[in-house]
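Peer 1: Chain by chain, the residues:
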Amino acid sequence: MTDSLLAKSIDKILEKTEKETLVNLENSFSDAKQTLDNSIPKLEQEFDKIISDGKKEADKIEKQIIGSSDLEVRNKQLLTLEIAIDKVFTKALEQIANTTRSADYSNLMKTLLDESTKILSTTKVIVSTNSKDKDLVQSLLSKYPGAELSSETINCLGGVVVKSKDGAMKFDNTLDARIQRLKPLIRKEIATKFGVGN
Amino acid sequence: MTAKGGVQYSKIAEIKGPLVVVDDVENAAFDELVEIETKEGERRLGKVLEVGNGKAIVQVFEGTTGLSISGTSAKFVGKLMEMPVSKEVLGRVFDGLGRPKDGLPDPIADKFIDINGEPMNPEQREYPKDFIQTGVSVIDGMITLVRGQKLPIFSGSGMSHNILAAQIARQANVVGTKDDFAVVFAAIGVQYSEAEYFRRSLEESGALKRSVLFLNTADDPAIERIITPRVALTVAEYLAFDLGMHVLVILTDMTNYAEALREISAAREEVPGRKGYPGYLYTDLSTIYERAGKLNGRKGSVTQVPILSMPSDDITHPIPDLTGYITEGQIVLGRDLFRQGVYPPINILMSLSRLMKDGIGAGSTREDHSEISNQVYDAYSRAQEVRALAGIVGKAGLTDIDLKYMDVGDVFEKEFLTQATDENRTIEETLTILWKIVSKLPKNEITKIKDKYVDQYYQEN
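Protein chains in written order, with this note's numbering: chain A, 24 to 221; chain B, 87 to 547.
There's no promise every hint is true.
Stated by the list, open to error - Partial list, computed: chain B residues near chain A (C-beta under 8 Å):
| # | residue |
| --- | --- |
| 1 | TYR95 |
| 2 | LYS97 |
| 3 | GLU112 |
| 4 | PRO170 |
| 5 | GLY177 |
| 6 | LEU190 |
| 7 | PRO191 |
| 8 | ASP192 |
| 9 | ILE194 |
| 10 | GLU289 |
| 11 | SER291 |
| 12 | GLY292 |
| 13 | ALA293 |
| 14 | LEU294 |
| 15 | LYS295 |
| 16 | ASN382 |
Since the hints were made in silico from the structure, they are not lab data. All C-beta atoms in this analysis are idealised placements derived from N, C-alpha and C, irrespective of residue type, glycine included.
Produce the entire structure from the sequences given, and follow the hints as far as they go.
Peer 2: Have a look at this one:
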């Protein structure tokens, strides 16, 4: 009798414990499921953030690489172009320096003298030129009353430097100075011939 | 440009500060470019400030140090100061007078443009209304910059305005269009380290490709600073109106510009105005700031972000004061935020973009932008009041709703305002953070946003 009662009690306790355990297990399972379900969107958000941050970083690096290599190439191109322009310039200057002093050249010198005296508003000037053009300028100066040729020659491709007699005003009308003033436009012309800046 | 140069005069009557007075001058023109040649053959550039009675007053950009009356001559070049421009200027670094500083040759010019620019015909101006994304949340979200606007940054000595300027230069972009975008950056009287920072920052981020840099450092002659913004704006106008690009011009620091102007004015013995600045400071500043805008029928735009450091953080100082009259709003950096380590330390309560309303909303940013921005502005303002109250009665004396506003203030500064110097936020990210801030408040406190937007974007805690 006592044994059967004991067995019954044990069974009851076991049954109750089993039920409780099952309920707990079910609860735990649903809690775990809930936690998992909740974490999925968070994980997805985190995943999206990592991907978008990574994409941003990749874009940034891509921009950096492309930007700097584009610039590097462009700068090399600019330097090469400049070397070519310089070569053309040197060649052109050599040609100008070796020009034969023809009638056209004489007319050019007269124009330069006219222009200079007009700008200085006086013909009472001292004119300097290079050794090649000394005689030519001397012959032209007779048309400018008060004008004198400087005893000292200057180093230039051609043209004249005209100074007022009191030394207050000077006008550089040498070919070198004129080329220098027009250099930016000439550079552009040369670059255009190379197919740049069209 | 002609082959005729100008006459060289050797009668120097006086050298006074940055000015040289030349005697017996005929046919000189106002603003004409002058080449000053020293006894040793060194050449400096200048321009004619005044002519009359056979005299010409020449302002020497590179300063008059080392010049003497005897042996110095002045050649009047016969043209105004011009900047050679072409698309090739992009990616280049120039000095404050527009001469290459990157070891490369002069750009092959497409055009030579007078640096003083031509005033925009008011009738031809188009109202600015297109958004520029700077990637800086507080600017994009609350003080939005639009194409063609002039929006200055008022900063103070030692604050992070140059870091912010570089970040804007690196990140700024136009969204929703494939039009080209360029940045013209003019550093006026900055330290060598800052100039290097700007150059390196643009170079390393790959943004130099679409930028043009003009660097006038603190050790360059102050008078050069008068020219730097004008040269920069000349390039900007060419890129915008000849090549159809959207150009953002950043000028830092305009205070150095105004000081150079004061130096010349003092040397000319002009009657000084407020704090010794010339009486024409307003007019002079307007000749720079008004070179921003859009033109009818033209594709490009020039947007200006001039930066100025307010002496003693004084917003009533003549430079910020007069700047504020001309520009369309201002971005003010706050010393308190800077001390707290907040970057960018923008005080939104003192800042304003007058053209923001036309550059945001559906079609350009997002339909809720204006309302969410107003709500956050209001909430942050209330947070400041609550903080002041908490300073008196203590946190324990505050109501629940007051505490929520304090929380809003904290989140605003920590998550919205604070941003890494290399963090480029899209407008969507910015608006998401703004909604996160507003969502700290109960729905009944949200009074400036339509219900449909609250339903759509409010983030339940």
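Peer 1: Now, for every hint given, state plainly whether the structure supports it.
Peer 2: Here is how each hint holds up against the structure:
{"no.": "1", "hint": "TYR95", "verdict": "6 Å, holds"}
{"no.": "2", "hint": "LYS97", "verdict": "5 Å, holds"}
{"no.": "3", "hint": "GLU112", "verdict": "7 Å, holds"}
{"no.": "4", "hint": "PRO170", "verdict": "6 Å, holds"}
{"no.": "5", "hint": "GLY177", "verdict": "5 Å, holds"}
{"no.": "6", "hint": "LEU190", "verdict": "5 Å, holds"}
{"no.": "7", "hint": "PRO191", "verdict": "4 Å, holds"}
{"no.": "8", "hint": "ASP192", "verdict": "7 Å, holds"}
{"no.": "9", "hint": "ILE194", "verdict": "4 Å, holds"}
{"no.": "10", "hint": "GLU289", "verdict": "7 Å, holds"}
{"no.": "11", "hint": "SER291", "verdict": "6 Å, holds"}
{"no.": "12", "hint": "GLY292", "verdict": "3 Å, holds"}
{"no.": "13", "hint": "ALA293", "verdict": "7 Å, holds"}
{"no.": "14", "hint": "LEU294", "verdict": "6 Å, holds"}
{"no.": "15", "hint": "LYS295", "verdict": "4 Å, holds"}
{"no.": "16", "hint": "ASN382", "verdict": "29 Å, violated"}
Consistency note: the structure conflicts with earlier hint 16 alone.
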